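Here's the letter readout for the chains.
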Amino acid sequence: KQEVTQIPAALSVPEGENLVLNCSFTDSAIYNLQWFRQDPGKGLTSLLLIQSSQREQTSGRLNASLDKSSGRSTLYIAASQPGDSATYLCAVEETSGSRLTFGEGTQLTVNP
Amino acid sequence: DTGVSQNPRHKITKRGQNVTFRCDPISEHNRLYWYRQTLGQGPEFLTYFQNEAQLEKSRLLSDRFSAERPKGSFSTLEIQRTEQGDSAMYLCASSPPGTYYGYTFGSGTRLTVV
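Protein chains in written order, with the working numbering: chain A, 771 to 882; chain B, -17 to 96.
If you're looking for bench data, these hints aren't it; they were derived computationally from the structure.
Possibly wrong hints are sitting among the right ones.
One side only, chain A facing chain B, incomplete, derived with CB under 10 Å [stated by the list, open to error]:
no. : residue
1   : A779
2   : S782
3   : Q804
4   : K812
5   : T815
6   : Y846
7   : A848
8   : Q851
9   : L859
10  : C860
11  : L870
12  : T871
13  : F872
14  : G873
15  : E874
The calculated DSSO-like cross-link candidates involving lysine-lysine, where the alpha carbons are at most 27 Å apart (straight line), are [to be verified]:
no. : chain 1 : residue 1 : chain 2 : residue 2
16  : A       : K771      : B       : K39
17  : B       : K(-4)     : A       : K812
18  : B       : K(-7)     : A       : K771
Nothing here was measured: the structure is a model prediction, and the numbers come from that model.
All residues carry an ideal CB built from backbone N, CA and C; glycine is no exception.
Pulled out of the complex, with its shape left as it was, chain A reads as follows (with noise of 0.2 Å):
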């Protein structure tokens, strides 16, 4: 059974700090990893897409990468904002197509 676990499960920063949110998975076998961002009381807004052939993905000042071997995965977050205080998801597809299998998230709080 696939397990994904998330560290740390809450961090805070100052504004303008540089952070990295860790996933781990238990089986390499994946398909897919995602990436998804939640605010307070909300559903899941999609940031970073990495297919298991892929080492990496970025968007804006955000990073992913994947290594599939080792089970890990990395969202690196450039210049952090007050705006970017919400809780990250990460989440593994195994087949495609199939379920998400989601970590607990790491809470984050960029402080002004």
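Model the placement of chain B on the given structure of chain A, informed by the hints.
Same frame as chain A, now just chain B:
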């Protein structure tokens, strides 16, 4: 059609009552998923449709839960005889045919059972 739409946004119900939620996916998406999320946890998979066919159901989906997707369009999730433990955010997601496109989630329905 700008995204996945879920209704209602919030639902408060008394224990023992039945509730039904609706999800309208992005029109060209043939796959539709239901997830449940409790406070402080990541979403957990409930069930999955490809067109009108329900292809997979989680063991979390007890006999009190039923989901449908008539004609492969919108989907409904019904919970019968609600219990306090059913209180959660119910999220719907859809994805297009093909590969490597990821999932688009709706804003969710927050259920509170009192």
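Quick rundown of the hints versus the structure:
1. A779: holds, 9 Å
2. S782: violated, 17 Å
3. Q804: Result: holds, 5 Å to nearest chain B Cβ.
4. K812: holds, 6 Å
5. T815: holds, 8 Å
6. Y846: Status violated, d = 19 Å.
7. A848: violated, 22 Å
8. Q851: violated, 23 Å
9. L859: holds, 6 Å
10. C860: Cβ of C860/A sits 8 Å from chain B, so the hint holds.
11. L870: Hint holds; L870/A Cβ to chain B Cβ min 6 Å, cut 10 Å.
12. T871: Holds, because the Cβ-Cβ distance from T871/A to chain B comes to roughly 7 Å (cut-off 10 Å).
13. F872: holds, 3 Å
14. G873: holds, 5 Å
15. E874: Constraint on E874/A satisfied, holds at 5 Å.
16. K771/A to K39/B: holds, 16 Å
17. K(-4)/B to K812/A: The hint holds at about 23 Å.
18. K(-7)/B to K771/A: Status violated; Cα separation ~33 Å.
In the structure shown, a violation is registered for the earlier hints numbered 2, 6, 7, 8, 18, in ascending order.
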